[in-house]
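Residue numbers (this note's numbering), protein chains in the order written: chain A, 1 to 226; chain B, 1 to 226; chain C, 1 to 226; chain D, 1 to 226; chain E, 1 to 226; chain F, 1 to 226; chain G, 1 to 226; chain H, 1 to 226.
Read the hints as simulated data drawn from the structure, not as lab findings. Please note: incorrect hints may appear among the correct ones.
To be verified - To be clear about the criterion: a stretch of chain F counts as covered by chain D if any three or more of its residues have a C-beta under 8 angstroms from a C-beta of chain D, and this derived list gives those stretches: (1) 17-26; (2) 196-207.
Said to hold, decoys possible - Dumping the calculated DMTMM-like pairs for lysine to aspartate or glutamate here, alpha-carbon to alpha-carbon at most 25 angstroms: (3) F:Lys132 / H:Glu4; (4) B:Lys132 / A:Glu135; (5) C:Lys36 / C:Glu4; (6) B:Lys132 / D:Asp8; (7) B:Lys132 / C:Asp69; (8) E:Lys132 / F:Glu118; (9) F:Lys132 / H:Glu13; (10) G:Lys36 / G:Glu4; (11) G:Lys36 / G:Asp67; (12) G:Lys36 / G:Glu53; (13) H:Lys132 / G:Asp67; (14) G:Lys132 / F:Glu134; (15) H:Lys132 / A:Glu134; (16) B:Lys132 / A:Glu134; (17) G:Lys132 / E:Glu136; (18) F:Lys132 / G:Glu4; (19) A:Lys132 / B:Glu29; (20) F:Lys132 / H:Glu118; (21) B:Lys36 / E:Glu118; (22) G:Lys132 / E:Glu118; (23) D:Lys132 / F:Glu4; (24) G:Lys132 / F:Glu136; (25) D:Lys132 / E:Glu136; (26) A:Lys36 / H:Glu118; (27) B:Lys132 / C:Asp67; (28) C:Lys36 / B:Glu118; (29) C:Lys132 / A:Glu134; (30) E:Lys132 / B:Glu4; (31) H:Lys132 / A:Glu4; (32) D:Lys132 / B:Glu118; (33) C:Lys132 / G:Glu33; (34) G:Lys132 / E:Glu4; (35) D:Lys36 / A:Glu118.
To be verified - A partial selection of chain B residues facing chain C, derived with a Cβ cut-off under 10 angstroms: (36) Phe9; (37) Arg11; (38) Pro44; (39) Thr48.
Glycine included, each C-beta is placed from N, C-alpha and C at the ideal position.
Read off the chains here:
Protein chains: 8
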Amino acid sequence: MAPEVNFDFQRRERIGLSEAVFCIGKTPEQIGEAIKLAQAHGVPLLLTRLAPEIFATLPPPAQASLDYDPSSRTAIVGPWRPPAGSPALAVVTAGTSDLPVAREALRTLAFYGVPAREIADVGVAGLWRILKHEEELRRYAAVIVVAGMEGALFSVVGGLVGGVVIAVPTSTGYGAARGGETALHAALASCAPGVVTVNIDNGYGAACAAIRMLGAQTRSEVSASV
Amino acid sequence: MAPEVNFDFQRRERIGLSEAVFCIGKTPEQIGEAIKLAQAHGVPLLLTRLAPEIFATLPPPAQASLDYDPSSRTAIVGPWRPPAGSPALAVVTAGTSDLPVAREALRTLAFYGVPAREIADVGVAGLWRILKHEEELRRYAAVIVVAGMEGALFSVVGGLVGGVVIAVPTSTGYGAARGGETALHAALASCAPGVVTVNIDNGYGAACAAIRMLGAQTRSEVSASV
Amino acid sequence: MAPEVNFDFQRRERIGLSEAVFCIGKTPEQIGEAIKLAQAHGVPLLLTRLAPEIFATLPPPAQASLDYDPSSRTAIVGPWRPPAGSPALAVVTAGTSDLPVAREALRTLAFYGVPAREIADVGVAGLWRILKHEEELRRYAAVIVVAGMEGALFSVVGGLVGGVVIAVPTSTGYGAARGGETALHAALASCAPGVVTVNIDNGYGAACAAIRMLGAQTRSEVSASV
Amino acid sequence: MAPEVNFDFQRRERIGLSEAVFCIGKTPEQIGEAIKLAQAHGVPLLLTRLAPEIFATLPPPAQASLDYDPSSRTAIVGPWRPPAGSPALAVVTAGTSDLPVAREALRTLAFYGVPAREIADVGVAGLWRILKHEEELRRYAAVIVVAGMEGALFSVVGGLVGGVVIAVPTSTGYGAARGGETALHAALASCAPGVVTVNIDNGYGAACAAIRMLGAQTRSEVSASV
Amino acid sequence: MAPEVNFDFQRRERIGLSEAVFCIGKTPEQIGEAIKLAQAHGVPLLLTRLAPEIFATLPPPAQASLDYDPSSRTAIVGPWRPPAGSPALAVVTAGTSDLPVAREALRTLAFYGVPAREIADVGVAGLWRILKHEEELRRYAAVIVVAGMEGALFSVVGGLVGGVVIAVPTSTGYGAARGGETALHAALASCAPGVVTVNIDNGYGAACAAIRMLGAQTRSEVSASV
Amino acid sequence: MAPEVNFDFQRRERIGLSEAVFCIGKTPEQIGEAIKLAQAHGVPLLLTRLAPEIFATLPPPAQASLDYDPSSRTAIVGPWRPPAGSPALAVVTAGTSDLPVAREALRTLAFYGVPAREIADVGVAGLWRILKHEEELRRYAAVIVVAGMEGALFSVVGGLVGGVVIAVPTSTGYGAARGGETALHAALASCAPGVVTVNIDNGYGAACAAIRMLGAQTRSEVSASV
Amino acid sequence: MAPEVNFDFQRRERIGLSEAVFCIGKTPEQIGEAIKLAQAHGVPLLLTRLAPEIFATLPPPAQASLDYDPSSRTAIVGPWRPPAGSPALAVVTAGTSDLPVAREALRTLAFYGVPAREIADVGVAGLWRILKHEEELRRYAAVIVVAGMEGALFSVVGGLVGGVVIAVPTSTGYGAARGGETALHAALASCAPGVVTVNIDNGYGAACAAIRMLGAQTRSEVSASV
Amino acid sequence: MAPEVNFDFQRRERIGLSEAVFCIGKTPEQIGEAIKLAQAHGVPLLLTRLAPEIFATLPPPAQASLDYDPSSRTAIVGPWRPPAGSPALAVVTAGTSDLPVAREALRTLAFYGVPAREIADVGVAGLWRILKHEEELRRYAAVIVVAGMEGALFSVVGGLVGGVVIAVPTSTGYGAARGGETALHAALASCAPGVVTVNIDNGYGAACAAIRMLGAQTRSEVSASV
């Protein structure tokens, strides 16, 4: 094992989630090293925040070994295949600019074999857009709500459905949006009871939280795919 | 004129709004002085943030001269009478705890002869509460929305009605509500176009903004009462 | 119905959680009104942040109608009885000073009929204390972790168990603890994947999030008591 | 309709303002998609924050279809023509650096058919500059004041005119100007009664607020152009 | 000398200003000790932030030895007499609530033998109030401007006079006034060139800065009284 | 006069300081316009924050007309010549990285005909460096102290000399230096009495403050050069 | 063992420091419980932040068992006796108001048997005060520097001595002192190399850090007393 | 000596640490000047924050004279050789992204002749990684812990070992990690007693603190190499 990387390979067995590689702040060499390590151990690996311009700097063999998705800025080192079946949860976005974060959540769910539904651009300025999906949303065990700016969508969804509502505040917006802090605080100070939140732009974390929940709920069914 | 108080008596003629006395940070003597000054000039005077415990410290003659309303923490030195007629605008609150701020707005409007409608406790956690009033709200030239915590109500109302929407963020809430800053930022970063805001807990300022707007709109009718 | 209170009685049916009364910023009259309203509708009601000194100001009939618990600063208007059975989740605290917040979570869970386990004072400065409970904690569907100061316990628990980990940052600490913001940020920036968080000192919200999750998980069994 | 964009075409009818495209954070493809969508529906569309370097990345047909104005960083997809007639309100700036924001407000007003007057570089360090326009400003139903740094102009104008005063704090300045936060706080804490504010650099929002006000004021006359 | 107090008696000779006693955070015993020490050395002593309720807790002999002024919350241990002659500078306040801070500056100036002029309640919401004094203010070598809320008065005065302008931001206001930070930032980000500032509510510091300036300017004349 | 620039040419006569051009946020065209305007009026003009890369974008005639100094990022449009004579004040820096800000102050002073002394790199980590200059510094009417990081030099100089001490906090440093805020707060909270401060990195403002002071002190002598 | 308190009795053996009781936020019952627990185990116990008014609420037997020192707000449950011998380190304060924090450090050192020297009120506004002690300070293995306001003393001491310098920022000051944050940031951004810091007002932590260092340095000698 | 650089060459003799060159914000000329100065005096010199892209801009002779290490972004001007012998302390990192900061500490230690042990990527999400090193860590006189995000590792190590624990918070992370502030606050608010901290990303400072401690501990042995 390289002295700079000390993978926690036991994590999947211990908590049901494997260690992912957050690519910002890592050198192409370190990322390549992690890929080789995963391949050597024969385990699938998820890479997040792998922007196209960083992806382009990876060594060609590393690039070739990756199932890369630029819209979510994620890559997967196989063996892996997309989940099928009816969605267990929904990922909802307030605006088009929130999509990269939502897609990070969707890819993470897919990596763990969990099918999910994407509903985009349904912010509260046109309230009919989210209300149109009310009945559908009430059927899911969880809804991941991705919103920036003032984050009003968290409370609106939290007041409509009884399942778990996981807020993902995004850095969409400017000025008083404060790089996502306003949406984050809105999630935390929500008047809807029991809304939980993760870090700004952390689609990955929201998906992991959903995995923890679903794992506990339906440990038997999911275990096959996870 | 006392050297400590230098009233801007020309303000009403100049901008249609007279100088009010913000009572926090003033001594009972200074408040009493202001009341006497208004009486000597024969002009009505509005006092704001006059908490019951401060009111109780005023000299008895000052107390007797005031039309005091503890729920809004305001007092009026006559001549004055409450407005009548159908409401020109609505004051809406997200929760019961936002009422003192809403009442400050309502009393300020009343001081200037503007009748208004109070709609309380219609926060978005139970969305049907505000939607029940949608048609009514669309008929007003302006809606003052009073909300603390995450302030989601600002955007919801801003997306439903075409009149002026004046947000009044309140200090209701704790922790990430940050003493009203989260609601304030939510108003500023709202996804609904054209929502404007005033300072935290500033019901008085919201009413003044509405007066400016109504004065400009219907200068002739209002001028009789204002 | 009083114009100042506009209860969302449909909320329980809609999302499985009923509206609770957050007592800070409300007058004794408004709290008494809410109690009467609940009694008139024959529904149980939870009151939070009801400090002993506020409880003492309530009208005697209101006091008499409440099942009051000073350690959690909560009260319940019946009909209600404590849950029995083996715990579905654990509530863990880093220190003794975090207990009031943990107890708010426990009482909220109890109000909804969910039995839970309290494990107190197991902060990471003495790591053996939490490790002693590792096996037990791994058996729960969820762990609510209540911690102030630097909030290191969130990440440690998040790395040990595969169930849902709900962080409740508390305002315990001083200076750089920043009234709970440091623990809050620690939960959000946790290196353990899938940890979710609620507002500072919000034991109530953490319990509601757990209810949402358990409701989805075991809707049939819980429905009897909830 | 593309799944990534979910236009709220009903907004204009509902609230008198149509959905605009905020171009920061959107890909050239998404912007091009929005343009096509508007053209397909035959409705005019406003694009904001379209910096020249982003404009240059748009597909040539998209570029050709736009009435682009680099000084305001806005573009309009026709059918559209500039308003004529005497100005209904004024847009005032403290300094030359505030012009791009002021121009965004002016273009938005023009998009909705509202003629407005630009008065530039009249900050309070040379007080005679704004006082020279005092009489003119008092004639408008509204004044949009655009200022960065310490934002003193908001209060000065607010104390001179009786019409609506909409502050637009800008990010002009450095250090203690804090990227526009100081001007924003100055607008909120203004000693002039009834000043309202929008987000930092949000010329678009200020114009929308003015449209709301004018729409309410003179619904009949404006409706032809709006 | 008591080990807890280590007076810098050389300071007056070294920099023209003697050490003052800031009374907040000191015990009555420590304050009494400082008074005795000054008396033993036969030097005058200035005490600041001595609120009436703290003054009342001082030992009677200490109280008797003080020339106490509650409006400025200062006390002076003799030998001392108020300055006479025409004022060398002016102390201007935006509002009545800023007076305690202005008075602290005036007392400090008086302690050092510098006569000064007080001009109160001339905030910019009624601009004529400060303009009425324009000619007078232009004659002074320095103007200390005391203002809270948005602090617009700093820039207005800075643009009118050529003498030194020392801003004293005050904690007057609420919400976005942020306890004086907004006025402080306004002074720092002022568009008027060469405005300097001191700490929030620091009337004492502003006076000391003026003493430094006047000492340098007219070292010979002032030295008699200082 | 161009509508985008509205020079306050009366400022020099009114307050002894002329309007300068802050080049950040202005287009090359606007800067060129300002230069032409000054030349047309035959008045000298100071340009600040004119980084070499911006200077290079100016039209060649504009470049040719400027006396440009890259170390201070300032330019002067003549007629102008450097001051001679013994220095009236000193400009002191804590470190080498603070030099650009110090040089901005020195050039501004030179523009107004005030000779000054530069003393660089005398931070308190090697206290002997500033103490070596103690006697010299005590002879000046004013000392401008330029320091970033923790800004300890402000208090040390303020405790050593009796002249005016003008602190210029700089953005030198990282992390807890917070872009200059720590040095700024250190100046404001200084234990040395009468230290005043200007905005972060505002060498220009510090020089203007000194001009105000010297103008008042020695109006007759300085007026020849200013 | 009470379920609310879970003492880490192994800590002393593990890291050389025993668990102390931070009394803020604990009930008198919980404090009394901790005292009994320590007595039952026959181990000495340190209580910090035990203000006189909290001490007075303890049960009389608890009070009687404590060696209470109001100036440091600490109490010790025996067996314990003050250390003798020449001091191993010094505790220095900038001002008189910093003494309670310094005394907390001194008592903690004493509890562990480490003699230390107190040097009070030697802030940099009178630089001679600290320079007078330069030679003495250079002889100690460590200097704990306690300072609020701008915290300049940290850097001055850090530049004079080669031993360990532990900064303790205090909440002394107001306004820009920001409750100790400015001094804290000053310690962190110090230009003197190798200064370390602890939390605001954390005299206890600084002493513990010194114990760690001395324990490592002279493990054998100290172990007898510790 | 160049007037822009005023090296404190006495510092090594005075406090055991020589002045280092922090390269950010300095021109290539100033860095080259510093190198020449050190060579002229025949003293070794450490340069920090010398990113590869800045290194590439140095004059070739300067480049050639440097022992440059890109992973730590440091360079050393000889005479110098790496230390040998068993490590006196350990440098531990939570993640791979923290390595550049850890390496800055290691190179600084090496510059002063102190051998140290690197243990990388042992964050608490996989607690077994740090526990595996518990026994080894307990043997060192000091442990430098380098961690970003939530900084939980500081408290965990602080609760395991009795030696000095120096926290180095890093800017690793995003959103609520707040550029290192959360890890910084976590170090300051740690529940483990006696943890000290330095500035964000300040590996250099942590090493200097360790040198101060080791110098005091084993002055005789170390002095040969230092």
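Hint-by-hint comparison with the structure:
1. 17-26: With 5 residues closer than 8 angstroms to chain D, the stretch 17-26 of chain F meets the three-residue bar; holds.
2. 196-207: Coverage by chain D holds for the stretch 196-207 of chain F (4 residues, Cβ < 8 angstroms).
3. F:Lys132 / H:Glu4: It holds: about 16 angstroms lies between the C-alpha atoms, which stays within 25 angstroms.
4. B:Lys132 / A:Glu135: holds (19 angstroms)
5. C:Lys36 / C:Glu4: Holds, because 14 angstroms separates the two Cα atoms, which is no more than 25 angstroms.
6. B:Lys132 / D:Asp8: holds (22 angstroms)
7. B:Lys132 / C:Asp69: Status violated; Cα separation ~37 angstroms.
8. E:Lys132 / F:Glu118: Given that 25 angstroms is the threshold and the Cα spacing comes to 42 angstroms, the pair is violated.
9. F:Lys132 / H:Glu13: holds (19 angstroms)
10. G:Lys36 / G:Glu4: holds (14 angstroms)
11. G:Lys36 / G:Asp67: holds (15 angstroms)
12. G:Lys36 / G:Glu53: Holds, because 21 angstroms separates the two Cα atoms, which is no more than 25 angstroms.
13. H:Lys132 / G:Asp67: violated (42 angstroms)
14. G:Lys132 / F:Glu134: Between lysine 132 (chain G) and glutamate 134 (chain F) the Cα gap is close to 17 angstroms, so the pair holds against 25 angstroms.
15. H:Lys132 / A:Glu134: Outside the cut-off at roughly 50 angstroms; violated.
16. B:Lys132 / A:Glu134: At roughly 17 angstroms apart (the allowed maximum being 25 angstroms), glutamate 134 (chain A) and lysine 132 (chain B) satisfy the hint.
17. G:Lys132 / E:Glu136: violated (49 angstroms)
18. F:Lys132 / G:Glu4: violated (60 angstroms)
19. A:Lys132 / B:Glu29: violated (60 angstroms)
20. F:Lys132 / H:Glu118: With a Cα-Cα distance of about 43 angstroms, the restraint between lysine 132 (chain F) and glutamate 118 (chain H) is violated, given a limit of 25 angstroms.
21. B:Lys36 / E:Glu118: holds (23 angstroms)
22. G:Lys132 / E:Glu118: The hint is violated at about 43 angstroms.
23. D:Lys132 / F:Glu4: Between lysine 132 (chain D) and glutamate 4 (chain F) the Cα gap is close to 16 angstroms, so the pair holds against 25 angstroms.
24. G:Lys132 / F:Glu136: holds (23 angstroms)
25. D:Lys132 / E:Glu136: Given pair lysine 132 (chain D), glutamate 136 (chain E) holds - Cα atoms ~23 angstroms apart, limit 25 angstroms.
26. A:Lys36 / H:Glu118: holds (23 angstroms)
27. B:Lys132 / C:Asp67: With Cα atoms ~35 angstroms apart, lysine 132 (chain B) and aspartate 67 (chain C) exceed 25 angstroms; violated.
28. C:Lys36 / B:Glu118: The given pair, whose Cα atoms are some 23 angstroms apart, holds under the 25 angstroms limit.
29. C:Lys132 / A:Glu134: violated (45 angstroms)
30. E:Lys132 / B:Glu4: The hint holds at about 16 angstroms.
31. H:Lys132 / A:Glu4: holds (16 angstroms)
32. D:Lys132 / B:Glu118: Distance ~42 angstroms between lysine 132 (chain D) and glutamate 118 (chain B) Cα, so the pair is violated.
33. C:Lys132 / G:Glu33: Since the Cα atoms of lysine 132 (chain C) and glutamate 33 (chain G) sit roughly 23 angstroms apart, the hinted pair holds (cutoff 25 angstroms).
34. G:Lys132 / E:Glu4: holds (16 angstroms)
35. D:Lys36 / A:Glu118: Within the cut-off at roughly 23 angstroms; holds.
36. Phe9: Where the cut-off is 10 angstroms and the nearest Cβ of chain C is about 37 angstroms from phenylalanine 9 (chain B), the hint is violated.
37. Arg11: violated (33 angstroms)
38. Pro44: violated (28 angstroms)
39. Thr48: Hint on threonine 48 (chain B): violated, closest Cβ of chain C at ~19 angstroms, above 10 angstroms.
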